[in-house]
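Chain B: place on chain A using the hints.
There are 2 protein chains.
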Amino acid sequence: MHTTVRTTVIEVGPRDGLQNEDRALPVDERIELIARSVDAGLTRIEAVSFVHPKRVPQMAGAEEVMAGVPRRAGVSYIGLVLNRRGLERALAAGVDEVNAVVVASDTFCMRNQGVTTARAMDAFDAVAAEARDAGVRCSVTIAASFGCPFEGETPPERVAEIARRAHAAGADEIALADTIGVGVPAQVRDLTRRARAAAPGTPLRFHFHNTRNTGYANALAAVDEGVTALDASTGGFGGCPFAPAATGNIATEDLLYALHRSGVTTGADMDAVAATGAWLGERLGKPAPALLGRAGGFG
Amino acid sequence: MHTTVRTTVIEVGPRDGLQNEDRALPVDERIELIARSVDAGLTRIEAVSFVHPKRVPQMAGAEEVMAGVPRRAGVSYIGLVLNRRGLERALAAGVDEVNAVVVASDTFCMRNQGVTTARAMDAFDAVAAEARDAGVRCSVTIAASFGCPFEGETPPERVAEIARRAHAAGADEIALADTIGVGVPAQVRDLTRRARAAAPGTPLRFHFHNTRNTGYANALAAVDEGVTALDASTGGFGGCPFAPAATGNIATEDLLYALHRSGVTTGADMDAVAATGAWLGERLGKPAPALLGRAGGFG
Numbered sequence: 001m002h003t004t005v006r007t008t009v010i011e012v013g014p015r016d017g018l019q020n021e022d023r024a025l026p027v028d029e030r031i032e033l034i035a036r037s038v039d040a041g042l043t044r045i046e047a048v049s050f051v052h053p054k055r056v057p058q059m060a061g062a063e064e065v066m067a068g069v070p071r072r073a074g075v076s077y078i079g080l081v082l083n084r085r086g087l088e089r090a091l092a093a094g095v096d097e098v099n100a101v102v103v104a105s106d107t108f109c110m111r112n113q114g115v116t117t118a119r120a121m122d123a124f125d126a127v128a129a130e131a132r133d134a135g136v137r138c139s140v141t142i143a144a145s146f147g148c149p150f151e152g153e154t155p156p157e158r159v160a161e162i163a164r165r166a167h168a169a170g171a172d173e174i175a176l177a178d179t180i181g182v183g184v185p186a187q188v189r190d191l192t193r194r195a196r197a198a199a200p201g202t203p204l205r206f207h208f209h210n211t212r213n214t215g216y217a218n219a220l221a222a223v224d225e226g227v228t229a230l231d232a233s234t235g236g237f238g239g240c241p242f243a244p245a246a247t248g249n250i251a252t253e254d255l256l257y258a259l260h261r262s263g264v265t266t267g268a269d270m271d272a273v274a275a276t277g278a279w280l281g282e283r284l285g286k287p288a289p290a291l292l293g294r295a296g297g298f299g
Numbered sequence: 001m002h003t004t005v006r007t008t009v010i011e012v013g014p015r016d017g018l019q020n021e022d023r024a025l026p027v028d029e030r031i032e033l034i035a036r037s038v039d040a041g042l043t044r045i046e047a048v049s050f051v052h053p054k055r056v057p058q059m060a061g062a063e064e065v066m067a068g069v070p071r072r073a074g075v076s077y078i079g080l081v082l083n084r085r086g087l088e089r090a091l092a093a094g095v096d097e098v099n100a101v102v103v104a105s106d107t108f109c110m111r112n113q114g115v116t117t118a119r120a121m122d123a124f125d126a127v128a129a130e131a132r133d134a135g136v137r138c139s140v141t142i143a144a145s146f147g148c149p150f151e152g153e154t155p156p157e158r159v160a161e162i163a164r165r166a167h168a169a170g171a172d173e174i175a176l177a178d179t180i181g182v183g184v185p186a187q188v189r190d191l192t193r194r195a196r197a198a199a200p201g202t203p204l205r206f207h208f209h210n211t212r213n214t215g216y217a218n219a220l221a222a223v224d225e226g227v228t229a230l231d232a233s234t235g236g237f238g239g240c241p242f243a244p245a246a247t248g249n250i251a252t253e254d255l256l257y258a259l260h261r262s263g264v265t266t267g268a269d270m271d272a273v274a275a276t277g278a279w280l281g282e283r284l285g286k287p288a289p290a291l292l293g294r295a296g297g298f299g
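Which chain is which? The protein sequence lines are A and B, in order.
Quick note on numbering: UniProt numbering labels position 260 of the first sequence as 260, and the sequence is numbered without any gaps.
Quick note on numbering: UniProt numbering labels position 228 of the second sequence as 228, and the sequence is numbered without any gaps.
Honestly, the hints are just simulated from the structure, not real lab data.
From the three backbone atoms N, C-alpha and C, an ideal C-beta is built for every residue, glycine too.
Any given hint could be a false lead.
[As the list claims (entries may be wrong)] Covered by chain B, according to a simulated footprint, are these stretches of chain A (three or more residues, beta-carbon under 8 Å): (1) 11 to 19; (2) 147 to 154; (3) 171 to 185; (4) 206 to 213; (5) 274 to 286.
This is chain A alone, in the form it adopts within the complex (with noise of 0.2 Å):
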């Protein structure tokens, strides 16, 4: 373990964790999960998704969102866009930074955005050619990094091989996903490696969902491997749409539990995003996966 490593956590609870709820949230309860992130000491919100809401109903009203979100500085909010015309929004919104998904096998590609991966590359070069022409900072995750609910085994040379053209596309950050939560602590070692020489100089950020409990695992594997950016999200809401019983996105309070006891700094304040994850599971109408709010904490 890294000791002296300072870690962000990103917190994508109010676009990944809300987008896979049944119970779509009001703007103002969006903007309170937001804030109240930000007072947590969260520095990196992925606070709204700019794809159709006939497509995502639950992401609807990302303009009204990101007008009423605190502005402070430090705080970075990341829109999510998957072609231009998601990009125009987000930049007139007046977000701080885009994330671009680019799914890694075809199948899911199409299911996903309706674009091979392919082809969603090729949005991607357009997308972050634009953004940088606003000037702003623009990452895209690789989603089924690690396996697909379609295809299987997602081959690792065809994700470094994404990586490679994210990187020549002038990617900021390249964030490898565990979208169905199937991946282990040697596979982000090995997707660390390849990544880093397929994109050299590019900053690796990492995604997690628990679906089958490893996903604490491979984040404190990332962060071994001297990755210092993780996704998470408060509560863990955010389910898997391909097992519907199943736990979603790691939590962010259970995954600070874990960074902090670990020696690694993070600048959050554990206890409190526990305290929103309870307010947010009384949202939702359901009890957070997290456990550190059931369990309290230690040390």
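Showing chain B alone in chain A's frame:
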């Protein structure tokens, strides 16, 4: 990850799992749980406890359970004992191994078994000697090795000193237990090295709870350190007596998933264990904390 390692998963559900559940299962269902575990390829089973049934009513009828379990070559049944009286019952009941417990903090040891850590070690000396005379394998679990609900942080030097004494007493195996589920992989690595130095040549075993979502990361860290024996409980039942709403032992099926996906062989059938977890949930009237049964396997 040691890709050619074989790890033995010790099924502790019939003892540590059921002992901490509100609903006591009848003897025939406890036998069925054990038989299902053996059928699934688990070869070491913590089957019974010889603690007085007034203290742990869920574990009453240990002799009846042992009389009913299937006897197969290569399958070893463990009975928990705290003193010589328990050992004598265990020997009469025909267990293959006994496992004693010493709690690493005095306050917790007094509450758990009515003696200080030092007196518990004295009791272990006597148990180990008598077990050796009887030709029965004798291991010891150092409970609260990672933290104590009453005293807070457990000094690792204290764990090492208990391991040294257990080694001197002739323990066949030393298990380090995170009884309240507070540990992280960095502690696993540190304690592994300290215990090996204190008890050279004595095999180590680890016992993890997933109370704060670090249990599987800890288990994989132990395997990375070359540990080849890990406790787990089918379904993840077990609870934590000091955090009533929290989950307990790491789940056997989820641990098998993480190990198998990491290239570690166990000889056990993950899907059969997951089916037993669901069956056990019906018996206990609550869903299994294990995630594999909800999410399904992969790869």
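Tested hints:
| no. | hint | result |
| --- | --- | --- |
| 1 | 11 to 19 | violated (count 0) |
| 2 | 147 to 154 | holds (count 3) |
| 3 | 171 to 185 | holds (count 6) |
| 4 | 206 to 213 | holds (count 4) |
| 5 | 274 to 286 | violated (count 0) |
Checked against the numbered hints listed earlier, the structure breaks hints 1, 5; every other hint is satisfied.
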